[in-house]
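Peer 1: Order-wise, the sequence lines are chains Z and L.
Everything in the first sequence is counted per our numbering, starting at 3 for the first residue and increasing by one.
Everything in the second sequence is counted per our numbering, starting at 3 for the first residue and increasing by one.
Be careful, since some hints might not be right.
Copies of one chain are not kept apart here, so a pair can be met inside one copy or by any two copies together.
Mimicking DSS-like on lysine-lysine, the simulated pairs with C-alpha atoms at most 30 Å apart in a straight line are [as the list claims (entries may be wrong)]:
(1) K427 - K359
(2) K361 - K105
(3) K447 - K5
(4) K5 - K55
(5) K447 - K427
(6) K359 - K5
(7) K105 - K359
(8) K212 - K105
(9) K359 - K212
(10) K5 - K16
(11) K245 - K212
(12) K55 - K452
(13) K452 - K5
(14) K5 - K136
(15) K136 - K427
Just so you know, the hints here were simulated from the structure itself, not pulled from any lab data.
Number of protein chains: 2
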Amino acid sequence: MPKIVELLTDTFGKNAVLPRAQAGTRVASNWRQNENLDCLALLLPETTDEVSKMLQICHEHNQPVVPHGGLTGVVGGTVTRPDEIALSLERMNQVEEINVQNKTVTVQAGVVLQHLQQVLAENGLLFPLDLGAKGSCMIGGNISSNAGGLQALRYGVMRNLVLGLEVVLADGTVLSSMNKMVKNNAGYDLKHLFIGSEGTLGVVTRAVLKVEDLPVSRSTAFVGLNSFEKATQFLQYSMKHLKNELSSFELLWQDYYSLMTSPPSPFSPVLPQTYPFYVLMETRGQDAGDGAVFETFLENALTSGLIDDASIAQTQQELDWFWGIRENVELIFSVHQPVFLFDVSLAISDMEAYIEKIKTDLQNIWADLHFYAFGHMGDGNLHLFVSCGHADHSTRHQVEDIVYQPLRQIGGSITGEHGIGLEKKAWLHLSRTAEEIQLMQTLKKALDPKGILNPGKIFLLTSL
Amino acid sequence: MPKIVELLTDTFGKNAVLPRAQAGTRVASNWRQNENLDCLALLLPETTDEVSKMLQICHEHNQPVVPHGGLTGVVGGTVTRPDEIALSLERMNQVEEINVQNKTVTVQAGVVLQHLQQVLAENGLLFPLDLGAKGSCMIGGNISSNAGGLQALRYGVMRNLVLGLEVVLADGTVLSSMNKMVKNNAGYDLKHLFIGSEGTLGVVTRAVLKVEDLPVSRSTAFVGLNSFEKATQFLQYSMKHLKNELSSFELLWQDYYSLMTSPPSPFSPVLPQTYPFYVLMETRGQDAGDGAVFETFLENALTSGLIDDASIAQTQQELDWFWGIRENVELIFSVHQPVFLFDVSLAISDMEAYIEKIKTDLQNIWADLHFYAFGHMGDGNLHLFVSCGHADHSTRHQVEDIVYQPLRQIGGSITGEHGIGLEKKAWLHLSRTAEEIQLMQTLKKALDPKGILNPGKIFLLTSL
Chain Z
3 MPKIVELLTD TFGKNAVLPR AQAGTRVASN WRQNENLDCL ALLLPETTDE VSKMLQICHE
63 HNQPVVPHGG LTGVVGGTVT RPDEIALSLE RMNQVEEINV QNKTVTVQAG VVLQHLQQVL
123 AENGLLFPLD LGAKGSCMIG GNISSNAGGL QALRYGVMRN LVLGLEVVLA DGTVLSSMNK
183 MVKNNAGYDL KHLFIGSEGT LGVVTRAVLK VEDLPVSRST AFVGLNSFEK ATQFLQYSMK
243 HLKNELSSFE LLWQDYYSLM TSPPSPFSPV LPQTYPFYVL METRGQDAGD GAVFETFLEN
303 ALTSGLIDDA SIAQTQQELD WFWGIRENVE LIFSVHQPVF LFDVSLAISD MEAYIEKIKT
363 DLQNIWADLH FYAFGHMGDG NLHLFVSCGH ADHSTRHQVE DIVYQPLRQI GGSITGEHGI
423 GLEKKAWLHL SRTAEEIQLM QTLKKALDPK GILNPGKIFL LTSL
Chain L
3 MPKIVELLTD TFGKNAVLPR AQAGTRVASN WRQNENLDCL ALLLPETTDE VSKMLQICHE
63 HNQPVVPHGG LTGVVGGTVT RPDEIALSLE RMNQVEEINV QNKTVTVQAG VVLQHLQQVL
123 AENGLLFPLD LGAKGSCMIG GNISSNAGGL QALRYGVMRN LVLGLEVVLA DGTVLSSMNK
183 MVKNNAGYDL KHLFIGSEGT LGVVTRAVLK VEDLPVSRST AFVGLNSFEK ATQFLQYSMK
243 HLKNELSSFE LLWQDYYSLM TSPPSPFSPV LPQTYPFYVL METRGQDAGD GAVFETFLEN
303 ALTSGLIDDA SIAQTQQELD WFWGIRENVE LIFSVHQPVF LFDVSLAISD MEAYIEKIKT
363 DLQNIWADLH FYAFGHMGDG NLHLFVSCGH ADHSTRHQVE DIVYQPLRQI GGSITGEHGI
423 GLEKKAWLHL SRTAEEIQLM QTLKKALDPK GILNPGKIFL LTSL
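Bound conformation, chain Z alone (with noise of 0.2 Å):
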């Protein structure tokens, strides 16, 4: 057993450090269950001075760490070399107050996103923060990845849900910023450093997150348009009309939607498969006549002309007929294989031009290319899938590269949501200039100097 592993072992017990072999019998990623663990062991600490001794041990020994969430991240942000320790946040999974008058609740970075849900909204309480993989993802992974999901139109991306933070730093440091206040102008906001940037600069320990009442009332449609264009104009509609009850505008090429409502899918459609552009909208509201409300605008659009088409969900089974269109994205991987998934960011008048140019210029290539795309188009944020036919690094490497050159010119990003990891690194220069680039590793430095903390992540160069 290497003289680290040992020592974490003596220190923290066998229950707390899984060696090699024993971590080595878990998943690497949610997303691929077949790809074990490798890596020199996995540390389950149960307290945040457990995180900070752990961490204190490996600073001094200059040993690299990646904090484990619920692993479910895309980019490769979780990946352990066989001589990194990974540390996993699970153990850290209580609740640990909720405050109905403040509208707060006070987590370990543990939680699983769901049970957060639930919890809250047995005390009438909503946690708007929603992601398809909300059954396993880890309220720490959600801070340091930034994420978004389906209703950061309305209430925002984490960043936004995030009041205070406790953070260990790289030499185990640990930092409390559990601020609960809306407001406060007490010098730097020491908090943004840590969201989003991926378990470089520190581990997340808990956080203080803002809550909202639990909506009563929930209306949902699926709206059918000739044209791009009709569907800025019902979203620009939407967000004026709505009394900003609007939580999710998504919006659905045509070619995804035809997938996702023809066999193998379980789905069928919800409206003919005839539209170039399908949006699934939904509001939220705290008022038993919302549902009335939103019927009345619905027709109101149908009539003068504005969308095409438009069905509302009527019953539970609806809802999850309607949104599993949206979010069954598997049954992309088990029809074409292999798959390169995108989420990209770019400002909505540029969308239209920009799927057309990538996806004619990638058919230009390969012929019998597979093209999906859709996306949160009110956040401006949108999902691409891409399969030709092959995996190897330099089809990869020509496909990102068709995907991601005009974002450059168009001020757009190469992701909007899903972060940067390993997968994007090669990439970042084209969403940031030197100078950006250049004063985040002056911020990795200055926090980070042994450079321990997910070591190899965001940047291409490392040699800090």
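Following the hints, position chain L against chain Z.
Peer 2: Structure of chain L alone, referenced to chain Z:
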């Protein structure tokens, strides 16, 4: 003329570099028109490139620089020592681009807030930051101080309204991070470092801001309440049922309301002066029927006993009257001298007891004390005015001690929106842990190793 001023004059011309005597004809602060600027020179760049070159020269010569905007801050964040150079962004005052479809505006740092509001209104858009100082304060200052104001409840503070930022670092490096997207997870989100750091980490030169549709309806009411508990319940009720259109919820304690509605105040009372608490509330919406909905909402609240009295502004004149009572704080300074101003942040559930405690503690020392409290209840942010007849250093310290010390225990902040500047740096440790202050100083050192940017602000110890 000092060598550095000569060098700057030779490089940028007399128009852009005002030497001490000329700079000294200008006021040092918008609030103290009788105090003149005392500094080595005042720089007036017209472009980011000029700001960059000016800072490059100052950096090379270890010359301290104090960034200036509209000079409306109240904590001494822009005070210059005689050997420091002031750098005003006032000539960089262009609104560069308004994008109606993507709801963004690109501005230079010297744009005055009210001017921006007006230009946007002409385009059917709203920039929702709203402050008493809007006629003078500049966007760069709003960003550097993370301004809050009267509509943060609904639209957030300045931090929530900034999408992209251009900043010049201490050594003259231009950090262009002019992101226009709502979601961008490509590496660290650097803008948050500079928002609210009071010009100590960089000089803001340009920004991309989020804008909203200009509301068509505005409903404003004064409400009388017989207890703090009722105010709390009414706030919760309003946030739940006003369809997220509630933009202001300002709480006034009786003493403040009475002062502002009695001679020599120009304003008569809207409601009798007999209620212990008053709320000035406002909703903004997009529909013609909003006013009627608001009226019904208030009628129901009155009928059910949730509130004790209410009056809705029916004309522009009444609107000015209502808001005048809340905003005409200058009256306090004309009636009482000297006056200490505070800006504390705390949980709503702690407010009543906190105000009672410090008022009693102050009165126990100064029997003839004048004490006024009001603020942004919905944001958990209160402003206090204390006049005890003296303004010497020791009295000031004693008053501050009474106001600030209780905040530590209840997890409050010594500043919700005004910032630290010079005036509160002795108390920063009450709202931030030693580890937080240490990390702030680590960041300061990493970004400005020579300590030339706004030295002596925020931190008690400047020996970096």
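Peer 1: For K427 vs K359, is the C-alpha pair at or below 30 Å within one copy, between two copies, both, or neither?
Peer 2: within (24 Å within a copy, 54 Å between copies)
Peer 1: One pair to classify: K452 and K5, alpha carbons no more than 30 Å apart. Within, between, both, or neither?
Peer 2: Answer is within; shortest intra-copy Cα gap is 19 Å, inter-copy 42 Å.
Peer 1: How do K447 and K427 come out at 30 Å by Cα distance, when the copy is not named: within, between, both, or neither?
Peer 2: Classified as both: same-chain Cα gap 18 Å, cross-chain 27 Å, threshold 30 Å.
Peer 1: Tell me, please, which holds for K5 and K16 at an alpha-carbon limit of 30 Å: within, between, both or neither?
Peer 2: within (15 Å within a copy, 67 Å between copies)
Peer 1: With identical chains, the pair K361 and K105 could be close in the same copy or across copies; at 30 Å between alpha carbons, which is it: within, between, both, or neither?
Peer 2: Answer is between; shortest inter-copy Cα gap is 27 Å, intra-copy 45 Å.
Peer 1: Is the C-alpha distance from K105 to K359 at most 30 Å within one copy, between copies, in both cases, or in neither?
Peer 2: The answer is between: 24 Å across copies meets 30 Å, while 45 Å in one copy does not.
Peer 1: Up to 30 Å between alpha-carbons, please classify K212 paired with K105: within, between, both or neither.
Peer 2: both (6 Å within a copy, 26 Å between copies)
Peer 1: Given a CA cutoff of 30 Å, do K5 and K136 count as a within-copy pair, a between-copy pair, both, or neither?
Peer 2: neither (38 Å within a copy, 63 Å between copies)
Peer 1: Indicate which option fits the pair K136, K427 if close means a Cα-Cα distance not exceeding 30 Å: within, between, both or neither.
Peer 2: within (26 Å within a copy, 42 Å between copies)
Peer 1: Under a CA distance limit of 30 Å, which applies to K359 and K5: within one copy, between copies, both, or neither?
Peer 2: neither (55 Å within a copy, 57 Å between copies)
Peer 1: First find the shortest C-alpha distance between K245 and K212 inside one copy, then the shortest across copies, and answer within, between, both or neither for a cut-off of 30 Å.
Peer 2: Classified as both: same-chain Cα gap 21 Å, cross-chain 18 Å, threshold 30 Å.
Peer 1: At most 30 Å between C-alpha atoms: does K359 with K212 qualify within a copy, between copies, both, or neither?
Peer 2: Classified as between; 28 Å across copies, 40 Å inside a copy.
Going down the numbered hints, you'll see the structure goes against 6 and 14, while the others check out.
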